[in-house]
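Undergrad: So the chains spell out like this:
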Amino acid sequence: MTARILVADDEDGLRWVLEKGLRQAGYEVVAVKDGTSALGAFEAEPFDVVFLDVRMPGLDGLTALGRLREIRGDACVVVMTAHGTMDTAIQAMQRGAYDYLGKPFDLDEVLLLTERALTAACRRCGSSAPSSAATRACKTSTRPSVA
Amino acid sequence: MNFEAVLAGLPDAVIAVDSDLRIIFWNSAAEVLTERSARRAEGRYIKEVFSPDASVVRRLGETLATGESRSEAESVIERADGRRVPVSIITAPLCGRDGQVEAAVVVLRDLSRIHQLEAEVRRGETLAAAGRMAVGLAHEVRNPLGAIRGAVQLLGREIGPDSRLREYTDVLLTEVDRVNRIIEMLLDLARPIQLRAVPLNLHQLLERVTLLNEEGARERGVTMIRRYDPSLPPILGDEDRLLQVFHNLVRNALDAMGRGGRLTLSTRVSLNPLFGKMDLGAGQRSMVEAQVTDEGTGIPAGVRARIFDPFFTTKDKGLGLGLSICHRILEEHRGAIQVESAEGRGTSVTCFLPLAK
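Chains as they are written, first to last, in the numbering used here: chain A, 1 to 147; chain B, 1 to 357.
Pulled out of the complex, with its shape left as it was, chain B reads as follows (with noise of 0.2 Å):
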């Protein structure tokens, strides 16, 4: 095998430039990475495929000058779509049989990946501590809250059935009993939930969340579209609480449609490098993709790492717990869920789950 053909197959990117800075190797990694085959790469300055400015330019060019290598650990490159990828840079100098520096090499390393793990890790921990503090914050809000509440019936009782202050009594029990509503879906997040995963039918599942949300899809103009694949094997999960998984994102997705629009649920088995396998402790499963996606709003780009925060909300009404519920449910479906979003042209939120085989 020549040393071409093991660069080729490489997983990180290798990119390398001859002295003028014209690029003489494009691997296919680094097609995949910078979404640009080797045919039109090969050949051009490297500052006519990323900009001139771009750090990988400007490390192969301090490497070619100095015949030194270059590291950063935390850089970006920029796609053809202009989309940005994090990447790790890494250059050094091919030198020829007389010590000069005739050619650069630059190694990138996709970090989109470990980002999205080291994401999905920071959601759990920051899940875990609030549920946590909803424990103990349970005990010490409830405590007066019953009093208020006790308070409030003899209150009720003494001011008798037909008070006109009876209003007002009904308002404060209501509200209290809202605060404890509150109080029970955050201590959901620190409950461990228990499981009764059976083998089920996806898309009978999808069906039954079409159907709950077809009144609220009318309403506001949506039109469901169903792409699913029809040879999907059964997944293995609790069917309640997929339906409050999926009935949460229809109708987030049916929220960001005030105008209309197109929602569209699809399935199939997954491709995903990241969460197309995983280990359910008995070796790897395959997993299903099931995605929702609408034709909103989208969600603001300074505020979508926040989006699986307790209490965290877009909206004007709601607690803003539903994301971190369905992120808590998939997670221990030994899933995942994931989220890209484009503002002014929709969200597409995409849970992995496990075939039942």
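Here chain A stands alone, though its shape is the one from the complex (with noise of 0.2 Å):
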């Protein structure tokens, strides 16, 4: 089964580089352009990994980081920032993200930080890591209960 991705940026030349970088590497990506639409989706949907810009409209990166860590506890969670500040950072990981991206950022390393969080999912549910990028091994993507 090919791995699930969800983007959630309100810049539309990121979302659409992340969207495309990610679809060529044999994921199956869905992008969003607020933290709102980004929490729906992930209600509806199972999702392996989420890539969550930290200044959105409406609801931010860091209280939708917050939300989707309420519907599923072990929502593995990448957010993205422009201010390059730590400060972010640390709240970022505080709030249970796996990990945190400074923009602009390098695609490999996006490609990389991808691989490395499903292999740390998969490692959380207990089965083996992915055999390739953009293979789902575990079920962590599984539809959520919805709280």
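Please keep in mind that the hints were generated in silico from the structure rather than gathered at the bench.
Note that the Cβ used here is the ideal one computed from N, Cα and C, for glycine as well.
Take these hints with a grain of salt, some might be off.
[As the list claims (entries may be wrong)] Derived pair list, reagent style SDA-like, types lysine to any residue, alpha-carbon separation capped at 25 Å:
1) K20/A - L165/B
2) K20/A - D177/B
3) K20/A - Y168/B
4) K20/A - M185/B
5) K20/A - D60/A
6) K20/A - R166/B
7) K20/A - T169/B
8) K315/B - R97/B
9) K20/A - E158/B
10) K20/A - S163/B
11) K20/A - V171/B
12) K20/A - T174/B
13) K33/A - I148/B
14) K20/A - I159/B
[Unchecked claim] So, partial list: chain B residues that the calculated Cβ filter (under 8 Å) puts toward chain A:
15) R142
16) A147
17) G150
18) N180
[Unchecked claim] Here's a subset of chain A near chain B, in silico, CB distances under 10 Å, partners left out:
19) D10
20) G21
21) E43
22) H83
23) D99
24) K103
25) P104
26) D106
Take each chain as given, in its own frame, and dock them per the hints.
TA: Shown next, in the form of structure tokens:
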């Protein structure tokens, strides 16, 4: 099964790049432009990794991160920010983010991070690591129970 | 104590003239301010000491003629060597028993220290404002930059590693990264610097800087001269940050000396009346001066006030952030930085840093 990635960023260009880059690497990608849509998508469908921008209109990334973790305690979320301050990164990690990505990022770094996140997610659910980047070897993305 | 002793001890320059504008009193602060001794000034006409159209001469003349006091909040006097010093002027008549004006006195207050302090505060404010702007700018620029970088990488993959178009995507990536580095440097101005201040041997630190710049000096035919005070006690500072400061200053000095010359590094315990002692929170602390002096082109007078502005540079290449960052680092050390320059003769940058004890 193909691993599923959710991307939430209000920047059209960045969203396009992430969607395209991750799709080319073989992942199934859903891209949304705000935190509320990200929550809606996450509740409706299973995702293995979520890329979440910190500053978005309406529901910001850090709040959305908290809600995602409430919906599914083991949600694997990577937080993205253009601020470049460690404060945001620390806050995100304290709220349970898997990792932190500063903009502008390197696409190879994004793909590497996705693989690592998938491996970590597999380890958490007790199955073996995925055999390839785009292959989901565990069932982390089973439909979540809605609180 | 007689009045003459009181006047002699005042920190402001006091000069008295008789009704013919001949100097009858010249206190020691006047000697320091004008760099002319009382012995050489007293007995001479004031217009022989200052130029006849100088404010101080004019104001004393008016006071003698009218019996009224005159004042100027901002004026200048010229020293013997032609250097101009900003001063404030207040004159007053001296009357005899019959009420007639017999003489006049002028009090000159040296404003250069106040101007230096004001400039220091202004510099700090400018840099803080630039830093705040950088934080806002960083977010707005990094988002599109991220999209450009990602799109170029995707394009690179489409055209493959062997395509002749690869050169174009490589240039784009390099330049995007350069823009990001510029933003990083600007953000450095805004971020609070976490100093790891420890007692440091300033001379060892300066030697590391000279080692780093030895090759550059050789290439330009520059001789490095050390004038270190061998008894200098340790300073309190962050080694990496201070290396950054002095490396920057030495590189600037070398860049200013395209045709060779001498670059002098000197140290001493400061006797500077303005920055010689600083309050570090637990009382006054003595300061050390570390000076980088070059014999380069000097900084044109017209741009001297802007050299600490972010992105201001006189070089063909360079971002113009070096001195802004130096200023910021010294400020975090509770120190200060001063620049003196003479066009065609060279520049001297003095850093004031606190002693460890």
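Undergrad: Take the hints in turn and mark each one as holding or not.
TA: Status of the hints after comparison with the structure:
Only pairs whose Cα atoms come within 25 Å are accepted, and K20/A paired with L165/B is accepted, the gap being roughly 21 Å. For a cut-off of 25 Å, the pair hint linking K20/A to D177/B stands: about 21 Å separates their Cα positions. Taking the CA atoms of K20/A and Y168/B, the gap is about 21 Å. The hint holds against a cut of 25 Å. Proximity of K20/A to M185/B is assessed by CA-CA distance (about 31 Å); at most 25 Å being required, the pair is judged violated.
For the hint linking K20/A to D60/A, the alpha-carbon distance of about 23 Å falls within 25 Å, and the restraint holds. Taking the CA atoms of K20/A and R166/B, the gap is near 20 Å; set against the 25 Å cutoff, the hint holds. Between K20/A and T169/B the alpha-carbon distance is near 17 Å, which keeps this suggested pair within the 25 Å criterion. Using a Cα cut-off of 25 Å, the hinted pair K315/B and R97/B is violated, with the two alpha carbons roughly 66 Å apart.
Between the alpha carbons of K20/A and E158/B the distance comes to roughly 12 Å, so the proposed pair stays at or under 25 Å and holds. With a C-alpha separation of about 21 Å, the suggested pair K20/A and S163/B falls inside the 25 Å cut-off, and the hint holds. Under the criterion of a C-alpha separation no larger than 25 Å, the hint pairing K20/A with V171/B is consistent with the structure, at around 22 Å. Note on K20/A and T174/B: the hinted pairing holds, with a Cα-Cα distance of about 22 Å set against a maximum of 25 Å.
For the suggested pair K33/A and I148/B, the alpha carbons sit about 18 Å apart, so the restraint of at most 25 Å is met. The straight-line distance between the Cα atoms of K20/A and I159/B is roughly 15 Å, inside the 25 Å bound, and the hint therefore holds. The restraint placing R142/B at the interface with chain A holds, with a minimum CB-CB distance near 4 Å, inside the 8 Å limit. Evaluation of the A147/B hint against chain A yields a held restraint, the C-beta minimum of about 3 Å falling below 8 Å.
Contact between G150/B and chain A, as hinted, is supported at the beta carbon level, the nearest pair being about 3 Å apart and thus within 8 Å. The restraint placing N180/B at the interface with chain A holds, with a minimum CB-CB distance near 6 Å, inside the 8 Å limit. Proximity of D10/A to chain B holds as hinted, the smallest CB-CB distance being about 9 Å (cut-off 10 Å). Given the 10 Å rule on beta carbons, the hint for G21/A holds: about 6 Å separates it from the nearest Cβ of chain B.
Checking E43/A against chain B: minimum C-beta separation of about 27 Å lies over 10 Å; hint violated. Proximity of H83/A to chain B holds as hinted, the smallest CB-CB distance being about 6 Å (cut-off 10 Å). Given the 10 Å rule on beta carbons, the hint for D99/A is violated: about 16 Å separates it from the nearest Cβ of chain B. This hint holds: K103/A has a C-beta 4 Å from the nearest C-beta of chain B, less than the 10 Å allowed.
A cut of 10 Å between beta carbons decides the hint on P104/A: the least distance to chain B is about 4 Å, and the hint holds. Proximity of D106/A to chain B holds as hinted, the smallest CB-CB distance being about 7 Å (cut-off 10 Å).
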